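J.: Chain by chain, the residues run as shown.
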Amino acid sequence: MEGQTETGRQATAAPSPEPAIELRGISKAFGPVQANKNISIRVMPGTIHGIIGENGAGKSTLMSILYGFYKADAGEIFISGRKTEIPDSLAAIRAGIGMVFQHFKLVQNFTVLENIILGAEDGALLKPSISKARKELRALANEYGLNVDPDAVVEELGVGMQQRVEILKALYRQAQILILDEPTGVLTPAEADQLFRILDRLRAEGKTIILITHKLREIMEITDTVSVMRRGEMTATVKTAETDPEHLAELMVGRKVLLQVEKAPARPGAQVLEIEGLSVTDDEGVERLKDISLSVRAGEVLGIAGVAGNGQSELLEVLGGMRAGRGKVRMNGQEIDLAIKYSDGKGRRARGIGHVPEDRQREGLIMDFTAWENMVFGYHDDAEYQSNRFLMDNAGIARIAQDKMDRFDVRPPNPRLLAKNFSGGNQQKIVVAREIERGPDLLLVGQPTRGVDIGAIEFIHKQIIGLRDAGKAVLLVSVELDEIMSLSDRIAVMFDGQIMGEGPADSANQIGLGCLMAGMGGADTQAMDGWRISEAAAPETPAQEG
Amino acid sequence: MEKMPGWADAVLVPLISLLLAAILSAGVILAIGENPVTAFKLMVDGALMRSAGWGYTLYYTTNFIFTGLAVAVAFHARLFNIGGEGQAMLGGLGVALACLYIPWPHWSLALIGASLGGAVFGALWALVPAWLQAKRGSHIVITTIMFNYIAYSVLGYLLVNVLRPVGSMDPATPKFPETTHLPSFRDMFSTADTILFRGAPANVSFFLALIACVFVWLLIWRTRLGYEIRAFGHSETGANYAGISGVKITVIAMLISGALAGLMAVNTTQGEAERLILNSTEGAGFIGIAVALMGRNHPLGVFIAALLFGFLYQGGAELALWTTIPRELIVVIQALVILFTGALDNMVRMPLEKLFLALRRKEAS
Numbered sequence: 001m002e003g004q005t006e007t008g009r010q011a012t013a014a015p016s017p018e019p020a021i022e023l024r025g026i027s028k029a030f031g032p033v034q035a036n037k038n039i040s041i042r043v044m045p046g047t048i049h050g051i052i053g054e055n056g057a058g059k060s061t062l063m064s065i066l067y068g069f070y071k072a073d074a075g076e077i078f079i080s081g082r083k084t085e086i087p088d089s090l091a092a093i094r095a096g097i098g099m100v101f102q103h104f105k106l107v108q109n110f111t112v113l114e115n116i117i118l119g120a121e122d123g124a125l126l127k128p129s130i131s132k133a134r135k136e137l138r139a140l141a142n143e144y145g146l147n148v149d150p151d152a153v154v155e156e157l158g159v160g161m162q163q164r165v166e167i168l169k170a171l172y173r174q175a176q177i178l179i180l181d182e183p184t185g186v187l188t189p190a191e192a193d194q195l196f197r198i199l200d201r202l203r204a205e206g207k208t209i210i211l212i213t214h215k216l217r218e219i220m221e222i223t224d225t226v227s228v229m230r231r232g233e234m235t236a237t238v239k240t241a242e243t244d245p246e247h248l249a250e251l252m253v254g255r256k257v258l259l260q261v262e263k264a265p266a267r268p269g270a271q272v273l274e275i276e277g278l279s280v281t282d283d284e285g286v287e288r289l290k291d292i293s294l295s296v297r298a299g300e301v302l303g304i305a306g307v308a309g310n311g312q313s314e315l316l317e318v319l320g321g322m323r324a325g326r327g328k329v330r331m332n333g334q335e336i337d338l339a340i341k342y343s344d345g346k347g348r349r350a351r352g353i354g355h356v357p358e359d360r361q362r363e364g365l366i367m368d369f370t371a372w373e374n375m376v377f378g379y380h381d382d383a384e385y386q387s388n389r390f391l392m393d394n395a396g397i398a399r400i401a402q403d404k405m406d407r408f409d410v411r412p413p414n415p416r417l418l419a420k421n422f423s424g425g426n427q428q429k430i431v432v433a434r435e436i437e438r439g440p441d442l443l444l445v446g447q448p449t450r451g452v453d454i455g456a457i458e459f460i461h462k463q464i465i466g467l468r469d470a471g472k473a474v475l476l477v478s479v480e481l482d483e484i485m486s487l488s489d490r491i492a493v494m495f496d497g498q499i500m501g502e503g504p505a506d507s508a509n510q511i512g513l514g515c516l517m518a519g520m521g522g523a524d525t526q527a528m529d530g531w532r533i534s535e536a537a538a539p540e541t542p543a544q545e546g
Numbered sequence: 001m002e003k004m005p006g007w008a009d010a011v012l013v014p015l016i017s018l019l020l021a022a023i024l025s026a027g028v029i030l031a032i033g034e035n036p037v038t039a040f041k042l043m044v045d046g047a048l049m050r051s052a053g054w055g056y057t058l059y060y061t062t063n064f065i066f067t068g069l070a071v072a073v074a075f076h077a078r079l080f081n082i083g084g085e086g087q088a089m090l091g092g093l094g095v096a097l098a099c100l101y102i103p104w105p106h107w108s109l110a111l112i113g114a115s116l117g118g119a120v121f122g123a124l125w126a127l128v129p130a131w132l133q134a135k136r137g138s139h140i141v142i143t144t145i146m147f148n149y150i151a152y153s154v155l156g157y158l159l160v161n162v163l164r165p166v167g168s169m170d171p172a173t174p175k176f177p178e179t180t181h182l183p184s185f186r187d188m189f190s191t192a193d194t195i196l197f198r199g200a201p202a203n204v205s206f207f208l209a210l211i212a213c214v215f216v217w218l219l220i221w222r223t224r225l226g227y228e229i230r231a232f233g234h235s236e237t238g239a240n241y242a243g244i245s246g247v248k249i250t251v252i253a254m255l256i257s258g259a260l261a262g263l264m265a266v267n268t269t270q271g272e273a274e275r276l277i278l279n280s281t282e283g284a285g286f287i288g289i290a291v292a293l294m295g296r297n298h299p300l301g302v303f304i305a306a307l308l309f310g311f312l313y314q315g316g317a318e319l320a321l322w323t324t325i326p327r328e329l330i331v332v333i334q335a336l337v338i339l340f341t342g343a344l345d346n347m348v349r350m351p352l353e354k355l356f357l358a359l360r361r362k363e364a365s
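Taken in order, these protein sequences are the chains called Z and B. Under UniProt numbering, the first residue of the first sequence is numbered 1, with each subsequent residue one higher. Under UniProt numbering, the first residue of the second sequence is numbered 1, with each subsequent residue one higher.
Everything labelled a hint here was simulated from the structure, so no lab data went into it. In this text, all values refer to a predicted model and were calculated from it rather than measured experimentally. Backbone N, C-alpha and C fix where the C-beta goes; we use that ideal spot for every residue, glycine too. Do not rely on the hints blindly, as some may be mistaken.
[Claimed, not checked] Keeping only pairs whose Cα atoms sit at most 25 Å apart, straight-line, the calculated SDA-like set for lysine to any residue is: (1) Z:K420 x B:K135; (2) Z:K341 x B:L132; (3) Z:K346 x B:G301; (4) Z:K341 x B:L225; (5) B:K354 x Z:P87; (6) B:K362 x Z:E233; (7) B:K135 x Z:L338; (8) Z:K346 x B:E236; (9) Z:K420 x B:G233; (10) Z:K346 x B:K135; (11) Z:K135 x Z:I93; (12) Z:K215 x Z:D506; (13) Z:K462 x Z:R267; (14) Z:K83 x Z:P17; (15) B:K354 x Z:R450; (16) Z:K341 x B:K248; (17) B:K248 x Z:P87; (18) Z:K346 x Z:Q463; (19) Z:K256 x Z:R450; (20) B:K362 x Z:R231; (21) Z:K105 x B:T237.
[Said to hold, decoys possible] Computed footprint of chain B on chain Z; a stretch qualifies when at least three of its residues, placed anywhere within it, have a C-beta under 8 Å from a C-beta of chain B: (22) 340 to 346; (23) 382 to 391.
One chain only, chain Z, in its complex shape (with noise of 0.2 Å):
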């Protein structure tokens, strides 16, 4: 272990012109699909290279194999210059390659310096093995600003700080060489702009690191090369400061792509739906909506913007009739009954609102069910899927999901696939062509295109464009600022179950909508025209944190 520290140190001391990670033609199939075709990169010691593909496209296999996961069947892996085996992840640790993954593999009930020995420990008492590994962390976070209170327990810390862990467990294990797998896709843009400061730190300090993202912006931001793939095969590798995103799009997905939606300006209408004095309290007796107030008309979308878990999962919720409620929602001008006891997702769908939920893999599909059932999921009672009293008509509803995959492009067009057997994109195609064929007069959409690749999401997008010309509601829930600020016709921000602000989305800008989902007023949410700012966003802007 300590031999390797040094020569671990010497060569992050004075970077060779070796690269730090040298990829020769790596190809990995699973049966008949050709995951990874003849990939080759270099990546150059204290770089940044983002690797940027459509899910699917073969990135996250590329890197399984870098960490030890799979084993390729053909190819070579040079580390600093020296051809390396890699079988499992303790070879890759030992090589000095660290994973961070996208879901965290942290034990949520041990304290940050118990996870970050795990594994790595000592010997058989833990004592020696924490003490050291105290010092160590104090070392770590003085060279790269990776601030931890080593003894707080992981699971009462956020989802920033929880990545910090991962990071530092990896560097705790002599790390040269970092993989980050969409790190960004659980954090909120001031939690991304930490981790972007710590990887332009660790970058500095000679580190070597892999982004594998989808996001576009992320590469224009940080990276300082970036390789796109597609369809398992590496298309392109580029310098970031010799490109731009509609190029890297392009390459992606093989086609020109509008990164910007098109719409046209809203035409709203009557009140659809009306909330007044929306709260939840949830099984634990923690109030999540704390009195919300809200409408929105025919032919607009409402966005609804937050850092996650600030209470919209909970007002999705309520909307869609999978938890009940306190206070006055109105649809159509009828009054609905928040007071349900198990779920009123019938009820809902028979008063036309529609529901894209937030997690498509645990609540919009049953993951073990075809294609074709999945296309009904929700309104498998009315009367056109039935062929007698008693029967469903099977074939009959195949025949319909058949027609809806053709046209809203799900890939692979077969009805009789199992919904896991489809990739995120496809499989949110499927939700949203259930929900949007129904014409529903509201929809309610969470977190549409999470996990989605751009070419889907650029179709998921027009589809809830389109359902707004044609005069329906729509209230949008995400995360992603971007999306919220390019869909919406209003925008409402949502802090610790309250509304902070609300306003038209034109006079919206990224630094008053981010003030406020801090729950924080201040000089530039007051410059944004037209919006009403809630007594409950405290007047300061936040201090800048060191």
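Based on these hints, arrange chain B on the given structure of chain Z.
T.: Positioned in the frame of chain Z, the structure of chain B alone reads:
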């Protein structure tokens, strides 16, 4: 992407598991100094080569179909119904009451009445655990196991103190009236010249079991209720999203499951014993778990697995009769089959999946 073709999953995996169990069983038989080949021959001879053997095999098969279907239906809602034994016992009570206290003019009507009685009593016995699970979150595995013991005690009390005819030493009801007796296979299939299924207990309720298979298949894969049961079983949060009530599904699935288990009593109590005895279920409720496991909770699979276990039961009885192989060893063999086809399923599946992947890759390249 599918890892291996459907036929391999449905046929090859259980077949190989079975083979492994057979090999290990042969080893055990060898170890106690008997010849496994002779033993196997004896089992096949006794269970399958004569019509009387078939009569016994199919009798056991009928029991296992009902209890296997009971477990399968509950499992589609991700409810592990271990209480088939108790539900079948109470089903026996329902059958007995229907046969004893209603004067049936003909066996066909008695069959319908007794089936209703068995199903209703079995369902009601499953209702309490279902209700506790749905409303209070009491784990259904625990409650159904406990309800087996309660069922045994309740039945014992009733047979000894209430239903036993005066002067009898046997904790059993009196014989059912003649008009409730079900036609046995012997009555149904023997001609004037040849007597088939001599002395065998298989009876018309075997066909009731086949109807139950079709019914369960329709229920699970063709009806809205089946759709909701499966949806709830796969994802509770998904069911909540779709507006499917988990309380309703839990209760209904367990009612159907309990009814199926209760129907088993038609075979044992009305069909065979023609009176209610204390231990008429003979552990068939537990075998149902293995049958459902091996049959992948599909009615066709349950039928085939029930046939296999029927063979093991009857063949095992023959072994105990003709060789020095003790009755307990039969239980060992049955346990090995359960172990390999149920618990060690993945042991066979994983290498097979790898094999198929490798084959496919070879084809692709």
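J.: The structure should be examined with respect to each hint, and the outcome stated for every one.
T.: Against the structure, the hints:
1. Z:K420 x B:K135: violated, 31 Å
2. Z:K341 x B:L132: Between Z:K341 and B:L132 the Cα gap is close to 16 Å, so the pair holds against 25 Å.
3. Z:K346 x B:G301: The hint is violated at about 34 Å.
4. Z:K341 x B:L225: holds, 20 Å
5. B:K354 x Z:P87: Between B:K354 and Z:P87 the Cα gap is close to 18 Å, so the pair holds against 25 Å.
6. B:K362 x Z:E233: Holds, because 21 Å separates the two Cα atoms, which is no more than 25 Å.
7. B:K135 x Z:L338: holds, 20 Å
8. Z:K346 x B:E236: holds, 15 Å
9. Z:K420 x B:G233: OK: Z:K420 and B:G233 at ~16 Å, within 25 Å.
10. Z:K346 x B:K135: Within the cut-off at roughly 21 Å; holds.
11. Z:K135 x Z:I93: Roughly 21 Å between the alpha carbons, so the hint for Z:K135 and Z:I93 holds.
12. Z:K215 x Z:D506: Distance of about 23 Å is within 25 Å: holds.
13. Z:K462 x Z:R267: holds, 17 Å
14. Z:K83 x Z:P17: Status holds; Cα separation ~16 Å.
15. B:K354 x Z:R450: violated, 33 Å
16. Z:K341 x B:K248: This hinted pair holds, its Cα atoms lying about 11 Å apart.
17. B:K248 x Z:P87: violated, 50 Å
18. Z:K346 x Z:Q463: This hinted pair holds, its Cα atoms lying about 23 Å apart.
19. Z:K256 x Z:R450: With a Cα-Cα distance of about 22 Å, the restraint between Z:K256 and Z:R450 holds, given a limit of 25 Å.
20. B:K362 x Z:R231: holds, 21 Å
21. Z:K105 x B:T237: holds, 23 Å
22. 340 to 346: holds (count 6)
23. 382 to 391: holds (count 3)
The structure fails to meet hints 1, 3, 15, 17 from the earlier list, while all remaining hints are met.
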